[in-house]
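*Asks:* Read off the chains here:
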Amino acid sequence: MVQGPMSNRALYAQRTIVKRTRRNQVVRIVKEHYLRDDLANPILTKSFHGGQVSNEQHDEAEEYCVFDASCFPHQVDVLERGASEGAITGVILLSTVLETVARVRGESARRRVLELCSSDQGGRFVLFPDDHHQETSVCAEPAVRGETRMQVDRRGFVRACRWLAEDAKAAGRAKPARLVAVSDSEEARAALEESQELRGLVSSGLVRVRSTESWIAERHPHLLDLVALSSTDGGDSDAKAPTGKASQHSSFLPYPRHVSAQEADRKCRLGLAHKGKLCCASRFSPWTALVKIAGKDGSEDAEVKVVGREALNRATEGDIVAVELVDGPGPEPGREAEAMAEGEAEGVGIASVAENDADASEVSASVRYARVICILRRAWNEKGYCGSIQPKSLPKDQATLMSTGRPVGVLFQPSDRRLPLVRIRTRQCGVLKDQRIIVVVDEWDANSAYPSGHYVRALGEIGDRETETKVILHQHGVSDPDEGFSPAVHACVPELPWSVPRDLNDPNRRDIKGMCVFSVDPPGCRDIDDALSARFVAPEEIPLDAMEAASLAASGKLVELGVHIADVTHFLKPNTAMDLEASRRCTSVYLVDRRIDMLPKPLTEDICSLRHGVDRFAFSVLWRMNVDTADVVGEPEFFKSVIHSKAALTYQEAQEKIDRGGDDDITRGLLLLRRVTRLLRKKRVDLGALTLASPEVKFEIDRETNNPLDVGMYVTRETNKVVEEMMLLANETVATRIFERGFSRSALLRRHPVPTKTMFEPLLKACQSAGIQMDVTTSRHLADSLDRAGSSDGGEKDAYLNTLIRFMATRCMTQAEYFSSGEVARSQFSHYGLAMPIYTHFTSPIRRYADVVVHRMLSACIGLEPPSEELCESALVTEQCQILNVRHKSAQLAGRASAELYTLVFFRGRPTEEPARVVKVRERGVVVFVPKYGIEGTVRLDGWAKVEQKKPAMASADGTRKVELFDRVRVRIEVQQEGQSRQEHLVLTIV
Amino acid sequence: MAIMSYEGLRQDGRRWNELRRMQCDLGVVSGADGSCSFTCGRTKIIASCFVVPLSKQKASAARVPTTATAAAAASTAPHVELRVSWLPFATQERRERGRTDRQVVDLEGMLKQTACAMLDASSAVVQKQTASGRGSSGAARGNNMEVQIKVAVLQADGGVRSCCVNALTCAIGMANLVCGCLVVSCGCTAQQLGRTLRETRMLQSRGEEEEGKRLLLDPNGAETTKLGELSLSVTSAADRRQFQDVVSINCEAKLTPEEFEEAVETCAEGCRAVSKFLRRKLLDYMTKVATISSH
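Line order of the protein sequences matches chains X and Z.
Those letters in the first sequence? Residues 1 to 991, by the UniProt record's numbering.
Those letters in the second sequence? Residues 1 to 295, by the UniProt record's numbering.
What the hints contain is simulated information worked out from the structure, not anything from laboratory work.
Any given hint might turn out to be false.
[To be verified] Cross-link-like lysine-lysine pairs, in silico, DSS-like; alpha carbons within 30 Å at most: (1) Z/Lys281 <-> X/Lys31; (2) Z/Lys254 <-> X/Lys31; (3) X/Lys951 <-> X/Lys765; (4) X/Lys433 <-> X/Lys292; (5) X/Lys31 <-> Z/Lys226.
[Unchecked claim] If you want the ones that stay clear, here's a sample from chain Z, every Cβ over 10 Å from chain X, calculated: (6) Glu18; (7) Arg95; (8) Val104.
[To be verified] Derived, one-sided and incomplete: chain Z residues facing chain X with beta-carbon distance under 8 Å: (9) Asp12; (10) Gly13; (11) Arg42; (12) Gln92; (13) Arg94.
Here a beta-carbon is modelled for each residue, glycine too, at the ideal position from N, C-alpha and C.
Pulled out of the complex, with its shape left as it was, chain X reads as follows:
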């Protein structure tokens, strides 16, 4: 088994790397490098065309491609698409080139490439470790003085091509395999063709040298649009440059050069420059940005402003940049004009509570300005950006527009307005002009006003609901529902129809089918993951030693409350393909018209779902409580069970049952639950739980056309609160259990950090000006002041003002987050909003992965199954938590974006006038909130001016009209299409 020492001298080399350390020292690193003679030539050994290929077929002349480092890192998209269509085969990837991919485009690109080479792809791509092959490696040779890394790579590439071709030729097949060497650098191609080593092979036609574009054009013309442009491909790309660009920026000056990364690093150390992440100041323009820089000597972080395209110098949202301070915003010719051209639209959309947007207009006057001198790391999305082609950049004459052969340069407007326009070349202008497309940004040359990119795929017609939903999903990184689950995942799902086995004989599962269990959910809910039960306990059920319980039961005051959660982990076993997929998706995403599930449909809607009238597996928590005080008597019980749900109610139905009264088991249970949860709620509120409002909207959707019929705010009934309270109780109980008895170092919990004083600043300012008293010292005080708000003036309660202030309060807070108990101090566990010392998520395992993890922890705690490694190690739990937090947030944002889309569809051709409230006064307008539709947005008031008074207000130029904060106004809501980005917006105007 074990190989002897590698003692053959010919196969041994040392690789020396000389590099400069951070401290500016030069070090020499020597590494061993073993060369091998047992690596086979992939042309001879691998079958490229999927499956086994017999030898006879191999005799046919085949063409293989080898990409060099100048093109491969940039052409991953076209290869990926080509491979998925089965068009591109026989690609040999050199491992040295792959290292360049990692260096140039990062680790994720490298992983994508490796994915291509994996066996799932039918082996159309093969990796060849050329740097370890004794014939092809250039490591063993003495270094040539002054040779750059690129030249060394090129030398290696020539040698690899030569060996691959000659070795294949030597194999003596009837028709020797031909090799295409693909390179995008003119110079490299020339060098290849003229090199001593390849000359013979080139002239005999065994090796051909091509650029990516010409190779694709030759073999797979339909993929041409996906080819990334390369600036190294001579100046002709500028000659064909988009007409739009030429006319628009005829006086365009090249951008200043970036300094090298080392130089930037040096400057940062000397304090001449600063490093930081670039964030666009406005959501609607890429040309103004903020960079947060670390202060010197641990002083507080500061923000500097970068204004104008020259100062930004090709940096875009999210990049890590080095900036240099400058005196002022600096002259920027045509900046105003451009701002106009870009259209400084102010957003109107569904009011959110999740974000506290930095308001561009509120940046204080003491701001410092800076300019970008170097981009250290690009944040360009590998998967590309959604958007559409700018209509004014399209060629004017119809013939060019409709021709398919010649590439036309156009400008692409990303949906995310924080990104600049992107130059792309396409041969299918006529088709793409009315489509939403995805474009990957390749590079931004100093001579080009805009970055250049290439087209990846089209999503569909602009304005179509289906297309726009795809755009939303793509933007929020939610996996495409069309893709569905892989066969490996489906293989993990039990077959339908599934039912609880008749002869279930599991000592760990308690049969409580006789218990009156029911579920309460929103209408149309099919993934029911929680059910409830409640009953009085008879004295004879109490064991003799439980004195307190016995005395309570005797007086008829002991109740047993139960929460039964779908037992997802029974089906979702750790480390299966399904578990892996679920841990990647982390959460189901709820859009207005659809749900993108975390688990496959049969599990989500049937096998796990606690539907009524059938037996289902559940994970149950039972409490015994004093019905008058809602104090828990004894220990809560946790066990796995089989339940039989008696009814699946909607909130509405449950509410009706409560209101009507009645003497059936379910109504009695509901009433009992209401009685106890009222007490529980009161206790929580006394501790300082906040009732925070979030403007959720509800759409009524036409079942056939899927068009929204009506929009309104979500109505909460008392039954919602009953269910919510029970879920909170279950979550808290489980959190305590897994943390205190089992996973003290690695319990997955959820916390809501206490907001700092400064975070409440906007709320306090608004309330002060409106004369509302607000105390934010503790959550209890805040809750009290929120309750008082709105009712103070004149005794008449202003319900909407109260809600508005609650929105504002919610916006001041940070978001709750998942964490591992090993990473956070015990004192920081608390959930501020719910006023709970410890909290987790246990109650929705069908749609949240966090709950799945908690289920596994709990079942390990009660000794049902041994805990696996990833539950016990805090680092692993933390890793999962980070993914959970990110996915949770993007799921929320996607849901909101979907609601916004439906609002737009609803108001199309239906301009409406509605009462609204002013929630903020800005420099150039006011922000209003429309309660009925949950819409918030800016109303531009041109010619109006801010009035200097205690309460923020604006008055029209002639002074006849004045709008104050929290005033009631009527606004007109209509949809307008913004011409260049082809996006629709809601526009609000004060009537």
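Assemble the complex: chain X is given as a structure, and chain Z must be docked to it using the hints.
*Replies:* Using the frame of chain X, we list chain Z on its own:
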């Protein structure tokens, strides 16, 4: 940087079960009774061994054993003095390691134990048969002799512990001290399957974990820094080639119990290969010396 590059090759081009290149030169220190320069990959060790008569003080100190074990050791093995010097330029970063350096102390303890184990198995008879010669007639009791061993770490690039043991073995072997066994050593480590929990799971679910593929034999410096190392020293007696006694196991790698067992097995295989190599070298040297002296 990932541990494995592509197609099952490690960063330096070896497969998981291949040892690095080894070199062993005997008699590199003139004046020493036995010396050896042992190179494995870029780790380079010089060990030298001097046999001197035991001084009075030391002898008397040895005769008054403080504990039972010390008494047993004193009665059977010669007195061993061992010094390890870790040269400042041995690693990438220059670093002085004094006598009290943790790693040096650790290494000294382990090597001394190994040396004792080797010499102890010779049932307390040390015969010195050098040309300068007190001669074989002066065959002395083990406790009248002192063996002074010096080990210098010239370059350290992974597997220092194992290389020291191997160098020591050669030096003692060459010194012609009668010893019952040679001790050889080899290291092994286990790589994490994926960089993250998710990657690990993905690899597991694909079932790509081939037998032994997780393990890496004879890790170099980069691999050791990242994953730690398990090093195993076993006896290698010529007549019992298949049977190895464990002399010491040192585990700094993070291994599950199952992996630990597998890793020990793999190390033992590695030790066999090392043993073959060292025995060859020693035999060659001895033949050469015999040829020269017979002329």
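*Asks:* Next, verify each hint and record whether it holds.
*Replies:* Status of each hint after checking the structure:
With a C-alpha separation of about 26 Å, the suggested pair Z/Lys281 and X/Lys31 falls inside the 30 Å cut-off, and the hint holds. Between Z/Lys254 and X/Lys31, the direct Cα distance comes to roughly 25 Å. Compliance with the 30 Å bound is thereby established for this hinted pair. Note on X/Lys951 and X/Lys765: the hinted pairing holds, with a Cα-Cα distance of about 10 Å set against a maximum of 30 Å. For the proposed pair X/Lys433 and X/Lys292, the alpha carbon gap of about 38 Å is over 30 Å, so the pair is violated.
Restraint check for X/Lys31 and Z/Lys226: satisfied, since their Cα atoms lie roughly 16 Å apart, inside the 30 Å limit. For Z/Glu18, the non-interface assignment is contradicted: its Cβ lies about 4 Å from the closest Cβ of chain X, within the 10 Å cut-off. Z/Arg95, annotated as away from the interface, keeps every beta carbon of chain X farther than 10 Å; the closest lies near 14 Å. Distance check on Z/Val104: its Cβ is at least 24 Å (rounded) from any Cβ of chain X, clearing the 10 Å threshold; non-interface status holds.
Given hint, Z/Asp12 at the interface with chain X, holds; its Cβ is 5 Å from that chain's nearest Cβ, closer than 8 Å. Proximity of Z/Gly13 to chain X holds as hinted, the smallest CB-CB distance being about 4 Å (cut-off 8 Å). A distance limit of 8 Å between C-beta atoms decides the matter here; for Z/Arg42 the minimum to chain X is near 6 Å, and the interface restraint holds. Restraint check, Z/Gln92 versus chain X: the minimum CB separation of about 7 Å is within 8 Å; hint holds.
Checking Z/Arg94 against chain X: minimum C-beta separation of about 10 Å lies over 8 Å; hint violated.
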